[in-house]
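> In this text, residue positions in the sequence shown follow our numbering: the first is 4, and each later residue adds one.
Warning: the hint list may mix true and false statements.
In silico PhoX-like cross-links for lysine-lysine, where the CA-CA straight-line distance does not exceed 20 Å [claimed, not checked]:
| no. | residue 1 | residue 2 |
| --- | --- | --- |
| 1 | K127 | K211 |
| 2 | K211 | K499 |
| 3 | K499 | K73 |
| 4 | K359 | K400 |
| 5 | K422 | K73 |
Now the in silico label distances, taken between C-beta atoms and shown as ranges [unchecked claim]:
| no. | residue 1 | residue 2 | range |
| --- | --- | --- | --- |
| 6 | S308 | T459 | 38 to 48 Å |
| 7 | P116 | V511 | 35 to 45 Å |
| 8 | D167 | R470 | 26 to 36 Å |
| 9 | S380 | D482 | 28 to 38 Å |
| 10 | G93 | A462 | 28 to 38 Å |
| 11 | I447 | S308 | 50 to 60 Å |
| 12 | V237 | E293 | 42 to 52 Å |
| 13 | Q392 | P80 | 22 to 32 Å |
| 14 | D482 | P80 | 19 to 29 Å |
Hint data in this document are derived by calculation from the structure and do not stem from the laboratory.
Cβ coordinates follow ideal geometry from the N, Cα and C atoms, glycine included.
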Amino acid sequence: MRNLVLVLAATFIYAPVSMQAQDVAEAFNIAHTSPQGTARSIGFGGALGSVGGDFSSISVNPAGLGVYRKGELSFTPSFKVNSSTSSYLGSTAADNNVRVNINNFSIVFTDAPKGKRYDRRDWKAISFALGMNRMADFNRDYNYTGVNRTSSATLAFVSNANIDSSNRYYAGTLAYTGWESYLINGYANNYTTAVPYKNGIQQLNSVKERGGVNEYVISLGGNYKEKLLLGMVVGIPGVNYERTSNYSESVLPNAPANPSNFQSFTYNNNISVSGVGINLKLGAIYKLTEFLRLGAAFHSPTAYSITSTNDYGISSAVDGRNINFSTNNDLPQNQFSYSFITPVKGVVSATFIIKKLGFITADYEFVDYSTMKYKFSEGMNTATGYSYQYEAAQVNKDIKNTYQSASNIRLGTEIKLTKFFMLRAGAGYYSNPYINTSWGSDRIDFSGGVGFRGSTFFADFGLVNSRFKASEMPYNRIDYKYVLPAQAPAALPVAKLNYITNNIAFTVGAKF
């Protein structure tokens, strides 16, 4: 995304906030993480900061390793059911998908002496762990549609052509894209759209997102004198994100004839992002009393090295012509490599243990998303005339103007029904990260689960229901000073999106 001409031309229909919308939205996708790991942790709301004894806790507070008294193997598959509804220009739509994921696999090696050796040692247990926790999931489908009589996405082509008529000759500009696909007409500084939107046009945007963040961890933790648990993790997260959008405009049935004989156009945009990062997590849990544990953890920023690919194509039906236009004959460069830094995260937690019955636990998490930062390579971007460092500074400025700090709260409980069976419940609150709160919402989670614990085998089931809202503009690149014929700026349409996600996980494991 180091080519801002690309950002303008290839992502003009995906613009939830700012000019560098793809970069800004992508930043939050990568940085916004919460463990999706074991079914046990899901069951009590992911409030893992001072509980420990579960591999998912390593990615929240690595001091949780100090709770282990035996080695352990675990594996967690999950099923995620995503549902979305939308409202756009007075019309509603719905979509859904089901995905199968691997939430977790792990192995823990523990040295926990017994008898006289236990009495002699200050470090009552030391554990070393390797494995993977899923930290974010991007899988969702949504669409929105409606009839627009005030604007068309092609007005972005028009304004770009009228700002500088030579733009239509330069591959990668909006003007060039619009001209080559027969969606704008005219001549120097007098370009107009071929789309008769004032008669009403049907707009549809269909989006599919795939991928997630899987964090591979190497962790060491210990138990000092049964009072202080300490731990550290080196995390190596891998991110994979793919987004396919198909945006179309078409004339309404029985619409009157229009001068350009415009029928329809479809804009296909494919974004692929992959990368690997590294981070450090440090944590401590202190047993204040037999019944109360307090925890704290520090998560360093994750430094990512990322490669992004962006391809697009337009097919249009205008004046009896069927035009197909793609990246191959428009974009000279569609792959970019860069660095990205996530925010610092802090977690504090407390667990009240009800002896022989279970526990009640809570986490508070703070993260400032405005501190996310891109770093681009040195040199000049010949397509824009700006240095890459300047372009990175502009994107980072947009991030600061878009996001704010967030406070996240997780609550959970586990109750022993019998010696072997447990019942779990939890809830989570993740505050709205957007400065303009209308672009997003708080996320609310409710969860529950059951578990079996034997001497050498365990199995767990967990379910979490998540609900949140978002807003999206299908386009926002229109400069009305350069739209002909002259018209007052129209309020650009906004899609209101509602998401409901059910994540169902099963964990099986063995102790050794």
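> For this structure, which hints from the list above don't hold up?
1, 3, 4, 7, 8, 10, 11, 12, 13 and 14
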